[in-house]
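J.: Below, each chain spelled out in residue letters.
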Amino acid sequence: MSRNQDTHRNGLEGPAPEERQRPVGRRNSQGIRIDPEVEAEHEPRRTIISAYVADEPGTLARVSGLFHRRQFNIESLTVGPTQNDGYSRITLVVEEPDPGIDQVKKQLNKVLPVVHVRELDNEPVARELVILKVDGDEPDKVQAITEMYDGETLDAGPRTITVQITGDEGKIDDAIDAYAQFGIREIARTGQAALARGEEETARVDETHT
Amino acid sequence: MSDVPQQTPQETDAADAGPEDIETGADAVVRALENARVEHLFGVQGGAIMPVYDALYHSEMNHITMAHEQGAAHAADAYGIVSGEPGICMATSGPGATNLVTGIADANMDSDPVVALTGQVPTEFVGNDAFQETDTIGVTGPITKANVFANDSETVGETVGSAFALAKRGRQGPTLVDLPKDVTKGVAEDDPGTPELPETYNPPETAEPEAVSEAAETIASADKPVILAGGGVIKAEASEELREFATEHEIPVITTMPGIGAFPEDHELSLEMAGMHGTGYANMAITMTDCMLAIGTRFDDRLTGGLETFAPDAEVVHVDIDPAEISKNVEADHPLIGDAKAVLKQLATAMPRSPAADEWREQCQQWKDEYPMDYAAPEDEPVKPQYVVEAFDDATADDAIVTTGVGQHQMWACQYWTYKEPRTWVSSHGLGAMGYGVPATIGAKIAAPEKDVVCFDGDGSFLMTCQELSVAVREDLDVTIVVLNNAAIGMVRQWQDAFFGERHMASQYPWIPEFDTLAEAFGARGFRIDTYEEVEEVVEEALAYDGPSVVDAHIDPGENVYPMVPSGGDNGQFALSEEQL
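Sequence order for the protein chains is Y and V.
Be aware that the first sequence starts at 1, since it is given in this note's numbering, and climbs by one per residue.
Be aware that the second sequence starts at 1, since it is given in this note's numbering, and climbs by one per residue.
Derived from the structure by calculation, the hints contain no laboratory data.
Errors might be hidden in some of the hints.
[Stated by the list, open to error] Just so you have them, the derived chain V footprint on chain Y, three or more residues with Cβ under 8 Å:
no., stretch
1, 100-109
2, 155-164
3, 199-207
[Unchecked claim] Among chain V residues calculated to face chain Y with C-beta under 8 Å, some are:
no., residue
4, Ile137
5, Pro142
6, Pro198
7, Pro312
8, Asp313
9, Ala324
10, Gly572
Ideal placement from N, C-alpha and C gives every residue a C-beta, glycine not left out.
Extracted from the complex, chain Y is given alone in its bound form (with noise of 0.2 Å):
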């Protein structure tokens, strides 16, 4: 019992708080180290991240989840088939500063089921689909906002006309925009999908995930 055979024990002393040696540097509240003048804080963008999964009970189920849970900030989340039987394709539009689009990233990666998670850069090709119901009351100038935005009529009755529109998302935002002079009375939206462009793949998927 060294320790214990001692008799004399003090307590906790030592320098007080105010006392002690101090660091020069600063992290900010993201844990990254910063030059104390200048106040480097994170400003959040806008991205879409592509995610190719394979199709197993549950797999949206996670990714949902773990947006929830990790409080990203998700702005839409789109999910179908791809040309792989078995395998599906997400898209995400999420708005984060830059080290919350990197943990997206990451975790995402952790999800079993996922198979490859990129970020689109390089101005991806990305379209969402919006179908509108306004009232019927002025049919004709319904029809020329329509064909402006090259939409197309679904549905048109005495009181009600429903289209849709495809596009990007500022074109769809101003369609709303458009049509919100006749009463909109409903709007169902399916957020973005996308894909890289040109010859760049969306997703690196070797041949065990075909």
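Given chain Y's structure and the hints, the job is docking chain V onto it.
T.: Only chain V this time, still in chain Y's reference frame:
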């Protein structure tokens, strides 16, 4: 153990004839575990898991029936920590599975290798709110590394094997297989073979050589280097490599709480643990360092305190097998993704020279002298908990295993015990699950029957799972459980003292059982400590007793844990007393 018959000549013949034929999914599950060389299982019987238990009837594996499924999960977790092999826990559907949840979440937070096997209602009833049905896959999704609903009798064995491999390989963690009763009862004939990882899972091994060279140069050029060793060092069996690297280059070593034991605490380069209740010297060094080699740590907030003030001068070299840990909390200047053992070897080879850090080591020594771990122990006051911890440390072997519950006692057990070997510190770190102590003690002793196992528990923590004492008695485990009894949820009371105007809302026990008597009722030996004079004799007798013993140590109820960094605070500003908070 009543369900495992004693070995008779007839049984030996059966063993000689080779394993039983596989006829059902349950047989395949059991064979998969046998193929994985599983020796012990912790669980509780129940309706939906009965086919699997029935298939265990002739197995040589040792099933330990726990009092509660939470106990099974914690015991499996501790078994995994001590043995390095995944611990297996089993439960039935519904309440059985949900009772495992705390233990699974605990294993997940600490990356402990655990395989949970849960019964499930027959697939035709799934989704109908059948008797004892719970969406176990849904419930455990966020707290497992992987979980699978088994839907095929023929492949269920391979599924279990794969869960075992996944729990062990890469970043370790808990996995779960949900086993519907019709699947385990259904026809299966093939031997599932040895555990195999899914094709898609390829954990990294060695780090990029170029990144290793750059990191080595950074470490060699540092003036104030430290190594921060996390639980990943122990999980990767890299303690030996860590010791060699640190002593070769004379770099002081700090550990995280799960990293305790990765480096001997009596070594002159050891600064012990940093963080909320870390040593003053470790917290000074971690704050002032200019280069941190962090290995196998996820930079938990109890370690870092506020990120703004965490090692703000340091270039960080971060070694981790999980890429998602890189720059999750603390930005890594040099990420080295790979197995800690392999990367430490790479680093050792790549080091161009040792850092010139004589002055820094002197500084660290000065902090050790300035802030020694100590406590006042006037003889006229009740026994100090730290004294009891030291007394047990002195009376046990160097490789004795310490298990704990969660609370003040846990902190005293890590501050005042000198850990020298990996896999000797078994505790609930990330989840901080009170009640971990007693079942973990069972799992630890089953994993290392030849070692001394001492559990430090709190009265609050002990009361949460003391029913598992019945298992320790039934299994005749030679363990010592020391309840550092201050008749309170002490850590909460400490925070109420410090931050809630001493309003002790729901933290004090106005009445508490006599734990020595309670132990006797369970069939264990009970001891009691009230004064310093009794300590030595009780320690000796409790350790000498060949079976489970419980020491009810009535400690100073006013004693609090220091040093302390308030939550989100600055590690370098640790308080030595309440006045400094």
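J.: All hints are to be evaluated individually against the structure, with a verdict given for each.
T.: Right, here's what the structure says about each hint:
1. Residues of the stretch 100-109 of chain Y with a Cβ under 8 Å from some Cβ of chain V number 5, which satisfies the need for three, so the listed coverage holds.
2. For the stretch 155-164 of chain Y, the stated coverage by chain V is violated: 0 residues have a C-beta nearer than 8 Å to a C-beta of that chain, whereas at least 3 were required.
3. Counting residues of the stretch 199-207 of chain Y whose CB lies closer than 8 Å to any CB of chain V gives 0, which falls below the minimum of 3, so the coverage claim is violated.
4. Interface restraint check for V/Ile137: the shortest CB-CB distance to chain Y comes to about 6 Å, inside 8 Å, so the restraint holds.
5. Residue-level restraint check for V/Pro142 holds (minimum Cβ-Cβ distance to chain Y is 5 Å; threshold 8 Å).
6. The beta carbon of V/Pro198 comes within 7 Å of a beta carbon in chain Y, closer than 8 Å, and the hint placing it at the interface holds.
7. At its closest, the beta carbon of V/Pro312 sits 4 Å from a beta carbon of chain Y; the interface hint therefore holds under the 8 Å criterion.
8. Interface hint status for V/Asp313: upheld, as the beta-carbon distance to the closest one in chain Y is roughly 4 Å, under 8 Å.
9. Taken as an interface hint, V/Ala324 checks out: its beta carbon lies about 4 Å from the nearest beta carbon of chain Y, inside 8 Å.
10. Hint status for V/Gly572: holds, given a least beta-carbon distance of 6 Å to chain Y, under 8 Å.
In terms of the numbered hints stated before, the structure departs from hints 2, 3, listed from lowest to highest.
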